[in-house]
Amino acid sequence: MFNIGFLLTFPLLAAVTSAYRVLALSTMLKAVSQKGEFKKRKRGGVKGLASLYFLMIAPLLLFLAVDRVFALGIVFGLIVSSGLSDLVYYMYVRYREAILGGRLYAFVELAEESGFYAWGLTLVKRA
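Residue numbering for the sequence shown is 4 to 130, as defined by the numbering used here.
By construction, these hints were calculated from the structure, which means they are not laboratory data.
Small disclaimer: the values here were computed from a predicted structure and weren't measured.
Computed list of lysine-lysine pairs in DSBU-like fashion (alpha-carbon distance at most 35 angstroms, straight line):
1. 50 x 33
2. 128 x 38
3. 128 x 33
Please work from the sequences and hints to get the whole structure.
Below, the structure is given as structure tokens:
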């Protein structure tokens, strides 16, 4: 059962999360190459915190719904696929930095009074 849970989650989630992150970075890099930086406004607060708590608790609730060994395989698949997608994303960022001839830096601008903050990406060329 462990193998089935792991083999169902690992390849699917690794492929989906890697593709999502690479495609999102590609769209950000288009804006960086045109304007010099990319900014996205986000809203902080309770909604973001609640979704974070749900993502942390959801795998643990899985143990109540399905067989424990199967759930353990799914959770292990989640952990391994997250690590693999981080590695793929890191390698893709380094590849694109080499093409662009600089380093990509992420930044966060402090929240406004309305509760929004800006997250962005900028390119610093090598001298």
